[in-house]
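Sequences listed follow chains A and B, in order.
In terms of my numbering, the first sequence opens at residue 124 and continues consecutively.
In terms of my numbering, the second sequence opens at residue 124 and continues consecutively.
Don't read these hints as lab results, they were simulated from the structure.
Every residue, glycine too, gets a C-beta built ideally from N, C-alpha and C.
It is possible that part of the hints are untrue.
Across the chosen pairs, the derived CB separations fall in these ranges [as the list claims (entries may be wrong)]:
(1) A:Val232 with B:Val384: 35 to 41 Å
(2) B:Asp299 with A:Arg231: 27 to 33 Å
(3) A:Asp154 with B:Met327: 36 to 42 Å
(4) B:Pro215 with A:Val232: 17 to 23 Å
(5) A:Glu147 with B:Ile356: 42 to 48 Å
(6) A:Thr423 with B:Pro264: 41 to 47 Å
(7) A:Phe156 with B:Glu385: 27 to 33 Å
(8) B:Pro263 with A:Lys128: 48 to 54 Å
(9) B:Pro151 with A:Arg408: 35 to 41 Å
(10) A:Glu421 with B:Asp299: 55 to 61 Å
(11) A:Asp154 with B:Arg408: 41 to 47 Å
(12) B:Lys301 with A:Leu381: 53 to 59 Å
(13) A:Gly225 with B:Gly383: 48 to 54 Å
Number of protein chains: 2
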Amino acid sequence: MNDRKTYLESYLKEKKLLVDRALEECLPGEDNFPEIIFQSVRYSMFAGGKRLRPILCLASAEAVGGDSSRLLPVACALEMIHTYSLIHDDLPVMDDDDYRRGRLTNHRVFGEDMAVLAGDALLTEAFHLLARKETASHFPPEKILCAISEIARAAGIFGMVGGQVADIQAEGKAADPKVLEFIHRHKTGEMIRVSVITGALLGMADDNSIKRLEKFGGNIGLAFQITDDILDIEGDMDTLGKATGQDAAFNKMTYPFLMGVEQARQKAKYHLEEALAELSGFDERAEPLRLIAKFVVERTV
Amino acid sequence: MNDRKTYLESYLKEKKLLVDRALEECLPGEDNFPEIIFQSVRYSMFAGGKRLRPILCLASAEAVGGDSSRLLPVACALEMIHTYSLIHDDLPVMDDDDYRRGRLTNHRVFGEDMAVLAGDALLTEAFHLLARKETASHFPPEKILCAISEIARAAGIFGMVGGQVADIQAEGKAADPKVLEFIHRHKTGEMIRVSVITGALLGMADDNSIKRLEKFGGNIGLAFQITDDILDIEGDMDTLGKATGQDAAFNKMTYPFLMGVEQARQKAKYHLEEALAELSGFDERAEPLRLIAKFVVERTV
Numbered sequence: 124m125n126d127r128k129t130y131l132e133s134y135l136k137e138k139k140l141l142v143d144r145a146l147e148e149c150l151p152g153e154d155n156f157p158e159i160i161f162q163s164v165r166y167s168m169f170a171g172g173k174r175l176r177p178i179l180c181l182a183s184a185e186a187v188g189g190d191s192s193r194l195l196p197v198a199c200a201l202e203m204i205h206t207y208s209l210i211h212d213d214l215p216v217m218d219d220d221d222y223r224r225g226r227l228t229n230h231r232v233f234g235e236d237m238a239v240l241a242g243d244a245l246l247t248e249a250f251h252l253l254a255r256k257e258t259a260s261h262f263p264p265e266k267i268l269c270a271i272s273e274i275a276r277a278a279g280i281f282g283m284v285g286g287q288v289a290d291i292q293a294e295g296k297a298a299d300p301k302v303l304e305f306i307h308r309h310k311t312g313e314m315i316r317v318s319v320i321t322g323a324l325l326g327m328a329d330d331n332s333i334k335r336l337e338k339f340g341g342n343i344g345l346a347f348q349i350t351d352d353i354l355d356i357e358g359d360m361d362t363l364g365k366a367t368g369q370d371a372a373f374n375k376m377t378y379p380f381l382m383g384v385e386q387a388r389q390k391a392k393y394h395l396e397e398a399l400a401e402l403s404g405f406d407e408r409a410e411p412l413r414l415i416a417k418f419v420v421e422r423t424v
Numbered sequence: 124m125n126d127r128k129t130y131l132e133s134y135l136k137e138k139k140l141l142v143d144r145a146l147e148e149c150l151p152g153e154d155n156f157p158e159i160i161f162q163s164v165r166y167s168m169f170a171g172g173k174r175l176r177p178i179l180c181l182a183s184a185e186a187v188g189g190d191s192s193r194l195l196p197v198a199c200a201l202e203m204i205h206t207y208s209l210i211h212d213d214l215p216v217m218d219d220d221d222y223r224r225g226r227l228t229n230h231r232v233f234g235e236d237m238a239v240l241a242g243d244a245l246l247t248e249a250f251h252l253l254a255r256k257e258t259a260s261h262f263p264p265e266k267i268l269c270a271i272s273e274i275a276r277a278a279g280i281f282g283m284v285g286g287q288v289a290d291i292q293a294e295g296k297a298a299d300p301k302v303l304e305f306i307h308r309h310k311t312g313e314m315i316r317v318s319v320i321t322g323a324l325l326g327m328a329d330d331n332s333i334k335r336l337e338k339f340g341g342n343i344g345l346a347f348q349i350t351d352d353i354l355d356i357e358g359d360m361d362t363l364g365k366a367t368g369q370d371a372a373f374n375k376m377t378y379p380f381l382m383g384v385e386q387a388r389q390k391a392k393y394h395l396e397e398a399l400a401e402l403s404g405f406d407e408r409a410e411p412l413r414l415i416a417k418f419v420v421e422r423t424v
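One chain only, chain A, in its complex shape:
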C-alpha cells in the first residue's frame, strides 16, 4: 500500500513536471503585446493545478504502449481547455468565486473583461496547439483530426458547456437523478473521458483498447465529480484552496445532496470498480492509470 502510494506520488510528480515544462514552452511569454492578456493567461495556467487531465492522457497512452512524450502538447491543450472553463466558471455572472487553488480568481486580478478574453484565448490556443505542424506532424493526420474532433465535441455544447448550462439551470430545483447524471457526465466527465481516449487514440491503441479506455474514462469522470461534491461538503478551504459549502449555498444539485454523503461515496466507489474492471486485460503498463483511478476517489484535495 505504501509502496503504491510512493510510486503514484512520484509518477504524478514526474508527469506534472513534464506537463508544466511543456506548458511553459507552449504558452507565449508575458513580453508579448498586449502584455495583460499574456499575464492573465499565464496567471491561471500556472496556478498550481493537479494536471489530472493531461496526466490521464499521458498515462492512457502509456497503458497501450504509446510514447507519451509525443503527446505532451496534446496533454497541454487539454489542460488549457480545462483552465479556460475554470476562468469562465468563476466569473461573477457564473459561480462568482473569489478564490481558486488558494489564489484570487482570474477576474479578481485582471478584471472581468480580461477574464472572459483569457478564457477565450486559452480555448482557441488549445486548438491551435493541437493542429499546428509541430504537434500534428508526430501523428497520422487522420488520428490527430479525430482527436481534435473528439476534444471539441467533449468540450462543447454536447459536452462540458452543455453540462455547465444544465448545472446552472438546475440550481434551486428539486433533485432529479436523470438531470444530475447528465450534469456529472457532461460538466466534468466528458473532458476526463476524452483525455483518456485521446491518449489511447494517439498512443496508437487498437479499437478494442480504445473502447475499454473510453468506458474507463467515463466511469472515472463520474467518480471524480461525485468525490468533488463530497469534498465541497466535507473539505475545508485551507486544504482545497477554494471556498467550500458553495454547492449548498447555490442550491446546486449534487449526489451527496440527493442521496446523502455515504451513499454518494458508495456510488463513487462503484464507478471506480467499473473503471478498474475495464483495465483487466491490460498489463503492468496500465498500473499508473489504475492508481490514478483510485486516487481520484480517495483524494482529499
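Once you've looked at the hints, dock chain B against the given chain A.
Showing chain B alone in chain A's frame:
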C-alpha cells in the same frame, strides 16, 4: 456599374442563402437538452448577419478554381467564430451593447451567464465542425489541419483576441498610430484575412496564389474596419441595427478620430486599391472577390 451592382447583389444573396442553409444543417436543433443554450446559440447565429467572412471564403475558393460547395462547413465555422466574438464583445463587462443587427443582444435575452456559454459553445463547435469526418474527409488531411491551425491562430491571442484586448486597453488613451494599426489588423483584420486564406488553401490554390490572396485579405480586413469606424460616426442606428457613436462614447481609438473622416476614407480606399492589385493576375473567376472588396469600402451598412 449597375450591372455590376446587380451581379454582386445576386451573388451575395445566393451565397448567403447557401451559408444560411448550411448553418441550419450544422447547428443542432433547439429540441436538444438543455434547450436554452441551443436557443441562445441559434438566436445569435440567425440574427441576420451579412455572412461576409463565409462568403469571402467561398469566393476565394472560386477565384482559384476550387469547388466552393465543399467549403460550406468551413465557411460556417468562420461565421460561428465571428458570432461568438460578437456575443462576448456585447457583454456588459465588455462593450455593453443592448442591440446588434436591430435585435436585442444575446445577454439581454438569455442572461449574461448563457451569453458567455453560448460564445464558448460556438467557438468550440466551430473547431468540431472543421475537424469532424464529414467536413475533413473532403480535403487532404494536411490541408484541413493547416486550415484549423491558421483559423485558431487568427482567432486567438495573436489575432482577434489580442486585438480586442488592445482595443480595450487603448480606450481613453491618446491616439497612437502603431497601436491603432495593431488593433485594426488583429481585432477584425485577422479573421477576414484567414477567411480568404482558408478558401484559397482548401480550394487547392498554388503557393503563389495563396500568398497574393493573403495580402488581398489583409488589406480588405483593414479597409473593412476603417469603414466600420466611419459608419459608427456617420451612420444611423435605423440603418445599422446597432447603436452608433459608441466609439466616441467609449473614447475608442479609431482612424476617423486620429486623422479625420476624410483622411480615414482615403486610407480605406488605399487598402482597397492594394487589395485589388493583388488580384491582377487572376481571371474572371476572381470577379466576385473584386466586387466584394469594393462593397466592403463603399457599403453603408
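Hints versus structure:
A beta carbon spacing of about 39 Å between Val232 of chain A and Val384 of chain B agrees with the range 35 to 41 Å that was offered as a hint. The hinted range of 27 to 33 Å is satisfied by Asp299 of chain B and Arg231 of chain A, whose Cβ atoms lie roughly 29 Å apart. Between Asp154 of chain A and Met327 of chain B the Cβ separation comes to about 39 Å, which falls inside the hinted range of 36 to 42 Å. Our hint of 17 to 23 Å for Pro215 of chain B and Val232 of chain A holds, since their Cβ atoms are close to 20 Å apart.
Between Glu147 of chain A and Ile356 of chain B, the C-beta spacing of about 45 Å keeps the proposed range 42 to 48 Å intact. Taken as a hint, the range 41 to 47 Å holds for the pair Thr423 of chain A and Pro264 of chain B, whose Cβ atoms sit roughly 45 Å apart. Here the CB-CB span from Phe156 of chain A to Glu385 of chain B is close to 30 Å, well matched to the stated 27 to 33 Å. Checked against the hint of 48 to 54 Å, the C-beta distance between Pro263 of chain B and Lys128 of chain A comes to roughly 49 Å, which is consistent with it.
Between Pro151 of chain B and Arg408 of chain A the beta carbon distance is about 39 Å. The supplied range of 35 to 41 Å therefore holds. A C-beta distance of roughly 56 Å is found between Glu421 of chain A and Asp299 of chain B, which places it inside the suggested range of 55 to 61 Å. For Asp154 of chain A and Arg408 of chain B, the Cβ-Cβ distance of about 44 Å falls inside the hinted range of 41 to 47 Å, so the restraint holds. At about 58 Å, the beta-carbon gap between Lys301 of chain B and Leu381 of chain A stays in the expected band of 53 to 59 Å.
As the Cβ distance of Gly225 of chain A to Gly383 of chain B is approximately 52 Å, the hint placing it in 48 to 54 Å holds.
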